[in-house]
Amino acid sequence: MRRTPPKRDPIGDHLRKSNAQGRVGVDAECQKCHEKRPEALTTGSNPMICAECQRKAENRSITDLHHVAGKANSSIRIRVPANDHRAELSVMQYDWPKETGENPEGSPFLAAAGCIRGFCDTVYYLIEIMLLWIADLLEAADFALTKTLGPKYWLNKEFEETRKKTSTKCPMRKSTR
Amino acid sequence: MPDAQIDSLDFAVRVYPEAHRSKQQSRSIAVRKWRRPDGMLVFDTETRIDAAQTLLFGCFQYIADGKLLREALFYADDLAIRDVRLLHKYVDQRQRNSRLALITRKGFLEEIHRIAVKGKQLLVGFNLPFDLSRLAFDQAAAREFYSGGFSLGLWSYTAGNQEKRNPYRPRVAVKHVDSKRALIGFTGTRRDPSGRTTKPFFRGHFLDLRTLAFALTDRGHSLESACKAFNVRQGKSKVSKHGEISNTYVDYNRQDVTATAELANKLLEEFDRHDISLQDTKAFSPASVGKAYLRKMGITTILQRHTTFQPYLGYAQTAFFGGRTSAHIRKVPVPVVYTDFLSMYPTVNSLLKLWDFVIAQHIRVVDHCKDEVIAFLNGFTHEDLFKPETWNRLRGFVRIMPNGDILPTRGKYNSETNDWQVAISHLYAKRNDDALWFCPASVGNGESVRPLR
Numbered sequence: 130m131r132r133t134p135p136k137r138d139p140i141g142d143h144l145r146k147s148n149a150q151g152r153v154g155v156d157a158e159c160q161k162c163h164e165k166r167p168e169a170l171t172t173g174s175n176p177m178i179c180a181e182c183q184r185k186a187e188n189r190s191i192t193d194l195h196h197v198a199g200k201a202n203s204s205i206r207i208r209v210p211a212n213d214h215r216a217e218l219s220v221m222q223y224d225w226p227k228e229t230g231e232n233p234e235g236s237p238f239l240a241a242a243g244c245i246r247g248f249c250d251t252v253y254y255l256i257e258i259m260l261l262w263i264a265d266l267l268e269a270a271d272f273a274l275t276k277t278l279g280p281k282y283w284l285n286k287e288f289e290e291t292r293k294k295t296s297t298k299c300p301m302r303k304s305t306r
Numbered sequence: 002m003p004d005a006q007i008d009s010l011d012f013a014v015r016v017y018p019e020a021h022r023s024k025q026q027s028r029s030i031a032v033r034k035w036r037r038p039d040g041m042l043v044f045d046t047e048t049r050i051d052a053a054q055t056l057l058f059g060c061f062q063y064i065a066d067g068k069l070l071r072e073a074l075f076y077a078d079d080l081a082i083r084d085v086r087l088l089h090k091y092v093d094q095r096q097r098n099s100r101l102a103l104i105t106r107k108g109f110l111e112e113i114h115r116i117a118v119k120g121k122q123l124l125v126g127f128n129l130p131f132d133l134s135r136l137a138f139d140q141a142a143a144r145e146f147y148s149g150g151f152s153l154g155l156w157s158y159t160a161g162n163q164e165k166r167n168p169y170r171p172r173v174a175v176k177h178v179d180s181k182r183a184l185i186g187f188t189g190t191r192r193d194p195s196g197r198t199t200k201p202f203f204r205g206h207f208l209d210l211r212t213l214a215f216a217l218t219d220r221g222h223s224l225e226s227a228c229k230a231f232n233v234r235q236g237k238s239k240v241s242k243h244g245e246i247s248n249t250y251v252d253y254n255r256q257d258v259t260a261t262a263e264l265a266n267k268l269l270e271e272f273d274r275h276d277i278s279l280q281d282t283k284a285f286s287p288a289s290v291g292k293a294y295l296r297k298m299g300i301t302t303i304l305q306r307h308t309t310f311q312p313y314l315g316y317a318q319t320a321f322f323g324g325r326t327s328a329h330i331r332k333v334p335v336p337v338v339y340t341d342f343l344s345m346y347p348t349v350n351s352l353l354k355l356w357d358f359v360i361a362q363h364i365r366v367v368d369h370c371k372d373e374v375i376a377f378l379n380g381f382t383h384e385d386l387f388k389p390e391t392w393n394r395l396r397g398f399v400r401i402m403p404n405g406d407i408l409p410t411r412g413k414y415n416s417e418t419n420d421w422q423v424a425i426s427h428l429y430a431k432r433n434d435d436a437l438w439f440c441p442a443s444v445g446n447g448e449s450v451r452p453l454r
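Heads up: the protein sequence lines correspond to chains G and W, in order. Position 177, counted from 1, in the first sequence is what our numbering calls 306; the numbers after and before it change by one each time, with no gaps. Position 426, counted from 1, in the second sequence is what our numbering calls 427; the numbers after and before it change by one each time, with no gaps.
Worth flagging that the hints you see were computed from the coordinates, not collected in a lab. Careful, some of the hints might be misleading.
[To be verified] Calculated lysine-lysine pairs in the DSSO-like style (CA-CA distance at most 27 Å, straight line):
hint: 1; chain 1: W; residue 1: Lys165; chain 2: G; residue 2: Lys136
hint: 2; chain 1: W; residue 1: Lys107; chain 2: W; residue 2: Lys165
hint: 3; chain 1: W; residue 1: Lys292; chain 2: W; residue 2: Lys68
hint: 4; chain 1: W; residue 1: Lys237; chain 2: W; residue 2: Lys90
hint: 5; chain 1: G; residue 1: Lys136; chain 2: W; residue 2: Lys68
hint: 6; chain 1: G; residue 1: Lys146; chain 2: W; residue 2: Lys267
hint: 7; chain 1: G; residue 1: Lys165; chain 2: G; residue 2: Lys136
hint: 8; chain 1: W; residue 1: Lys90; chain 2: G; residue 2: Lys165
hint: 9; chain 1: W; residue 1: Lys90; chain 2: G; residue 2: Lys146
[Claimed, not checked] From chain G, some residues computed to sit far from chain W (all C-beta separations above 12 Å):
hint: 10; residue: Gly151
hint: 11; residue: Gly154
hint: 12; residue: Val155
hint: 13; residue: Arg189
hint: 14; residue: His196
hint: 15; residue: Ile258
hint: 16; residue: Leu260
hint: 17; residue: Tyr282
[Stated by the list, open to error] Partner residues aside, some chain W positions facing chain G, computed with beta carbon under 8 Å:
hint: 18; residue: Gly40
hint: 19; residue: Arg71
hint: 20; residue: Ala73
hint: 21; residue: Arg115
hint: 22; residue: Val118
hint: 23; residue: Pro201
On a predicted model such as this, the values are computed, not experimentally measured, just so you know. Built from N, CA and C at the ideal position, the CB exists for glycine as well.
All chains should be modelled from the sequences, with the hints used to inform the complete structure.
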């Protein structure tokens, strides 16, 4: 599975990233939480600080209200961490066609396009932060257990029952047999 | 003055003008640190085969962090509909395997503006001035820094039937130094958002691989020879027929762009092996690399060590006669005599121990040693020239008023070519104050020389 959605305009995406990196400098990171995404870092801050840490220091909320479909298309907002808002969700919206994002005349079709694009972006974001890390964790755990208990470490262990369940229920596994 | 009739001839000497640059300006240039952009737009054009060599089509690749992000073909505005259809067909056939696109010349220029002007990324090509001029819709004589070169208008808009220059976009100025090197930059000014003041456009990062290959190898390369020299895997291919669009011709053009992109990576890799602080887009010659090494070694310029040395640099410039080669008869076989010295500058530098002057903390100028210099020059024999101790005494400058002495001069000796050339000839001073600086090696046996200082 790919970790990021395909870019509609890969050149624009790279230029924005490069520009953001240029603003904060190469290898810049937040001195408090080690956040490295350049979009999340505050330009010109010394020492370098990210949006969330800056707000924490100022006793402000560390979350933002994100317009899922773009401000011009829908008023629906969801609460997301400020760093993710800047470095993930807004960045995804910059990749939309300019007309969809801005929708100056209030076209209902562009608004609908914005809703679809916003929904897809949010789902990608949620998959990334809520699911894919679990897959990474499971793979790391398997590696560690194989190293310490040897291959087939699940035999005669309570994992075995779980494995049996997953193998019988998996339709893909059946079809390949 | 001898009895024979002597014609007077204008001749030229080198000078060392004092640069008017504020201290603050020079400091800001010194501290600015170069960071190579991580994206590069590599392109190549194919042209018609008539005398005008106008644009037919071209290809570009945008590569960032070593990954190909976009590849597209672009075509001339006046391309025949049949050829445009051929290109469309070509792109449709290949779109399954690669995300190839087809855009117009104007579409490509928009990409250049977005990437190279606004995005400040590298614009890469082999012999860039040629390819840039194929994209231009007008040209004019360049001014100011690029004076003597030409200025290309790339971005335009159509008003009625006329194509006019877009005033909100820069022009591209090109000034050739020689066949391998050219200064290229975006020129013009733009208004700031308030509309009151103007700022110059970003100068641009133009990377001409022909120039970089020359700076790294001291050889004039073609794309093919450079690819061979730097072990490019997918080198330049060959095509039987130029100037007519066909699938093989488009393949050839795309292959050229791929080879150029790979060559760019190889050259930049090679450049990075030099631990010097030199911008790769400003490595114009091996001398640029050499100077960067001197800076790295902590050797400052002579004027930084000696603020009062300016006049002596002027004398040195006047006394310097560097040979210049030019061909006036081209493409006609003629008998030639090969007269060249291999590596003459480093040899002279080594034999005369001129390196001492480069690294010396302090240089003491001995003035008013007329009698000593006259005695040395008069006692000079051909045999002495083979003695290293003589070479050490040739490190200096003498100001002489020539009286039929055989000396180097730079003049227009041939009225047909109208070209400044260095010649060794009998020289006479016209007036009593017609004195010039020479180095002792040029003066030779000074029987008739009357040094003034």
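Cross-check of the supplied hints:
As the CA atoms of W/Lys165 and G/Lys136 are separated by approximately 35 Å, the hinted pair breaks the 27 Å bound. With a C-alpha separation of about 13 Å, the suggested pair W/Lys107 and W/Lys165 falls inside the 27 Å cut-off, and the hint holds. Between W/Lys292 and W/Lys68 the alpha-carbon distance is near 33 Å, which puts this suggested pair outside the 27 Å criterion. In summary, the hint linking W/Lys237 to W/Lys90 is supported, as the alpha carbons are separated by about 24 Å, within the 27 Å threshold.
About 14 Å separates the Cα atoms of G/Lys136 and W/Lys68, which keeps this hinted pair within 27 Å; it holds. With a C-alpha separation of about 25 Å, the suggested pair G/Lys146 and W/Lys267 falls inside the 27 Å cut-off, and the hint holds. Restraint check for G/Lys165 and G/Lys136: the C-alpha separation of about 21 Å stays at or below 27 Å, so the hint holds. A hinted pair counts as satisfied when its Cα atoms are at most 27 Å apart, and W/Lys90 with G/Lys165 does not qualify at roughly 45 Å.
Between W/Lys90 and G/Lys146 the CA atoms are separated by roughly 34 Å; this puts the pair beyond 27 Å, and the hint is violated. Distance check on G/Gly151: its Cβ comes as close as 8 Å (rounded) to a Cβ of chain W, failing to clear the 12 Å threshold; non-interface status is violated. A beta-carbon of chain W is positioned within 12 Å of the beta-carbon of G/Gly154; the least distance is around 9 Å. Listed as a non-interface residue, G/Val155 fails to keep its Cβ farther than 12 Å from every Cβ of chain W; the least gap is roughly 7 Å.
At the 12 Å boundary, the C-beta of G/Arg189 stays outside the reach of chain W, the nearest C-beta of that chain being 30 Å off. Distance check for G/His196 against chain W: the nearest CB is about 26 Å away, which clears 12 Å, and the non-interface claim stands. For G/Ile258, the non-interface assignment is confirmed: its Cβ lies about 24 Å from the closest Cβ of chain W, beyond the 12 Å cut-off. Every CB of chain W is more than 12 Å from the CB of G/Leu260 (nearest about 26 Å), matching its label as outside the interface.
For G/Tyr282, the requirement that its beta carbon stay farther than 12 Å from each beta carbon of chain W is met, with the minimum near 38 Å. For the restraint placing W/Gly40 at the interface with chain G, the shortest Cβ-Cβ distance is roughly 6 Å, inside the 8 Å limit, so the hint holds. Taken as an interface hint, W/Arg71 checks out: its beta carbon lies about 5 Å from the nearest beta carbon of chain G, inside 8 Å. Given the 8 Å rule on beta carbons, the hint for W/Ala73 is violated: about 10 Å separates it from the nearest Cβ of chain G.
A hinted interface residue such as W/Arg115 counts as satisfied when its beta carbon comes closer than 8 Å to some beta carbon of chain G; here the least separation is about 7 Å, so the hint holds. Hint status for W/Val118 relative to chain G: violated, with the closest Cβ pair at about 11 Å, above 8 Å. With a least beta-carbon distance of about 19 Å to chain G, the hint placing W/Pro201 at the interface is violated under the 8 Å criterion.
In summary, the numbered hints that this structure violates are 1, 3, 8, 9, 10, 11, 12, 20, 22, 23.
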